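Asks: Listed below are the residues making up each chain.
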Amino acid sequence: MIDTLAILAIFSGLFFFLSGSIGLLRLPDLFTRLHALAKADNVGLALVALGVIILEPAVVNDIKIVIIWLLVMAASAISSHLVARHALRENRNDD
Amino acid sequence: MIELLWSIFDIMLVLLLLALAWTTCSTQDVKRAVTLFIAMGLLLAIVWARLKAPDLALAEAVIGAGISGALLLSAIKDYPVTPMVSHRSRLIEGIINSLTLALTILMSWAVWHGLNMSDGIRLSEQVFSQLPVSGVSNPVTAVLLNYRAYDTLLELAVVLTAVLTVLTLNEKRSDYQGSTSPLLQGMTRWLVPLLVVTSGYLLWVGAHAPGGAFQAGAMLAAAMILLQLAYPSRRAEFNNYLLKILLVIGIFTFVLVGLWMMSRNDDFLAFTPAWAGTLILIIETAATISIASALTLAYLGGRPGGWEGRGSEGKAREDTHRTSRSITENGGAG
Amino acid sequence: MISEQLLYSLAGIGLFGIGLRATLLHHMLLPRLLALNVCGAGVFLIFIAIAYGGIDVMADPVPHALVLTGIVVAVSATAMALALGRRLETLNDE
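Chains as they are written, first to last, in our numbering: chain A, 1 to 95; chain B, 96 to 429; chain C, 430 to 523.
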């Protein structure tokens with residue numbers, strides 16, 4: 001029961017990562033690609049982290065995993081912001 | 096079933112790694128090559144974690160992908176936009192390709208043959224048998240700082256030499272001219288204390304869990320680089336005296352401890368088992384500070400005050416100007 | 430199936446070959462530097478693959494320590510090569 005829940009969470013997280021990668025490869029514009037990547041980072045990682053937390057017995061490690069997820073979200077938000085800002089300033093809309 | 100899944104995972108990881116390496120080496124755009132190289136560093140960290148090398152995974156993620164990536168990105172900032180193609184003739188390209196392929200096949204045969212021979216005596220047996228008296232319980236730290244401490248001392252010397260070269264060669268690179276994002280500055284205010292605490296944790300925990308001086312030092316360097324990126328106008332002038340002390344303190348402590356142990360035990364860097372843990376912690380702390388300042392300075396570059404060359408290239412330029420001016424004057428007159 | 434040691438050793442040799450070919454083919458500094466780092470990564474992979482014992486067995490720690498030293502030395506050498514390259518550019522421009 002616990003295992004099925006964890007596997008379900010991890011696989012749905014993987015689905016988000018897959019769609020983020022497809023978006024990175026197929027979308028036409030820099031800004032749309034950033035948008036796709038943000039989904040992969042935030043929701044995908046959250047679901048994978050949820051699955052791992054379900055499987056992990058020690059509470060200390062669960063707290064660490066949540067902190068890691070928050071830090072990755074912050075890093076992805078900051079880097080998307082910086083990339084988009086730089087692209088806007090250079091008025092570049094392509095790669 | 097589990098075995099099959101693990102094999103599929105291994106094969107996909109290896110294929111992805113090879114594909115990333117191939118694209119890094121054969122792409123024509125500089126920025127793409129550097130970005131793919133950073134991605135390959137992160138993938139390599141996953142490979143180290145898969146092969147049960149967690150200390151290496153930490154080190155590769157921080158040093159191989161983080162510091163190396165920052166160095167390369169800073170270097171291609173003003174790079175000319177020429178595509179990176181090889182200008183060799185077709186004949187030489189063919190020779191290089193075939194020779195490399197032959198070498199690869201030969202090495203594969205050698206490795207396959209070597210892995211099929213019987214296992215010799217592995218040093219790991221001796222490492223694990225002597226682990227209780229080494230002062231730490233993480234075997235990699237024991238090897239790095241107790242059994243092969245001399246190698247680590249020389250490694251610190253190599254890092255110092257590289258940093259001295261970087262510091263004396265070039266003028267300070269011009270900083271980012273645009274305005275920095277307040278978002279970045281806000282997040283840096285949160286991240287840098289976190290990085291410092293994590294670095295201290297990695298240093299302490301290296302004795303009994305994956306971690307150690309190099310990972311901690313590189314994380315501190317990453318924090319300093321982040322500070323430099325977020326607040327470029329507030330770049331502090333190097334305090335020369337403190338700089339020299341910080342760069343050298345790792346090697347200095349190491350050699351001091353070694354000489355002290357030589358006076359007690361008749362052997363350079365032979366730790367007495369009762370003090371081994373404490374001595375290793377002292378050496379690691381000094382090494383962390385040294386590595387952090389060395390890697391930060393390797394990124395920042397520039398010449399600290401008082402370290403200029405003899406001014407020879409400035410004088411040479413002056414002489415050339417004087418000579419060319421006198422030639423044109425004389426040419427105009429005569 | 431193929432053992433993990435052999436698989437990752439072959440991957441390391443492949444990385445080394447890719448990097449070696451690119452080092453010899455290019456003539457500018459930066460692609461050669463990247464390719465040399467790829468060579469180094471291949472060598473590290475061979476070390477760690479040989480040190481790998483199995484999923485339940487502790488890995489051999491001596492190659493781990495050697496590769497850790499190697500990673501730090503590789504990044505220092507990269508920094509030094511970049512500084513030298515930049516200096517050569519300035520000298521060539523004068």
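The reader is advised that the hints may include incorrect statements.
[What the hints assert, rightly or not] Taking lysine-lysine pairs in the DSSO-like style, the calculated list, with each CA pair at most 27 angstroms apart, reads:
hint, chain 1, residue 1, chain 2, residue 2
1, B, 339, B, 267
2, B, 147, A, 64
3, B, 172, B, 267
4, A, 64, A, 39
5, B, 172, B, 126
6, B, 126, A, 39
[To be verified] Pair by pair, the computed Cβ-Cβ distance ranges are:
hint, chain 1, residue 1, chain 2, residue 2, range
7, C, 485, A, 73, 29 to 37 angstroms
8, B, 196, C, 485, 12 to 20 angstroms
9, A, 19, B, 106, 48 to 56 angstroms
10, B, 216, A, 32, 54 to 62 angstroms
11, A, 19, C, 485, 48 to 56 angstroms
12, B, 246, A, 73, 34 to 42 angstroms
13, C, 520, B, 204, 16 to 24 angstroms
14, B, 253, C, 485, 35 to 43 angstroms
15, C, 487, A, 4, 45 to 53 angstroms
16, A, 89, B, 338, 33 to 41 angstroms
None of these hints come from the bench; they were simulated from the model. The structure presented is a predicted model; accordingly, all values stated were derived computationally and were not measured. We put the beta carbon where it would ideally sit given N, CA and C, even for glycine.
Asks: Please go over all the hints and tell whether each is borne out by the structure.
Replies: The hints, checked one at a time:
no. : hint                              : verdict
1   : B:339 - B:267                     : holds, 18 angstroms
2   : B:147 - A:64                      : holds, 21 angstroms
3   : B:172 - B:267                     : holds, 14 angstroms
4   : A:64 - A:39                       : holds, 22 angstroms
5   : B:172 - B:126                     : holds, 9 angstroms
6   : B:126 - A:39                      : holds, 24 angstroms
7   : C:485 - A:73: 29 to 37 angstroms  : holds, 35 angstroms
8   : B:196 - C:485: 12 to 20 angstroms : violated, 37 angstroms
9   : A:19 - B:106: 48 to 56 angstroms  : violated, 24 angstroms
10  : B:216 - A:32: 54 to 62 angstroms  : holds, 59 angstroms
11  : A:19 - C:485: 48 to 56 angstroms  : violated, 36 angstroms
12  : B:246 - A:73: 34 to 42 angstroms  : holds, 40 angstroms
13  : C:520 - B:204: 16 to 24 angstroms : violated, 45 angstroms
14  : B:253 - C:485: 35 to 43 angstroms : holds, 36 angstroms
15  : C:487 - A:4: 45 to 53 angstroms   : violated, 32 angstroms
16  : A:89 - B:338: 33 to 41 angstroms  : holds, 35 angstroms
Hint violations for this structure: numbers 8, 9, 11, 13, 15, all remaining hints satisfied.
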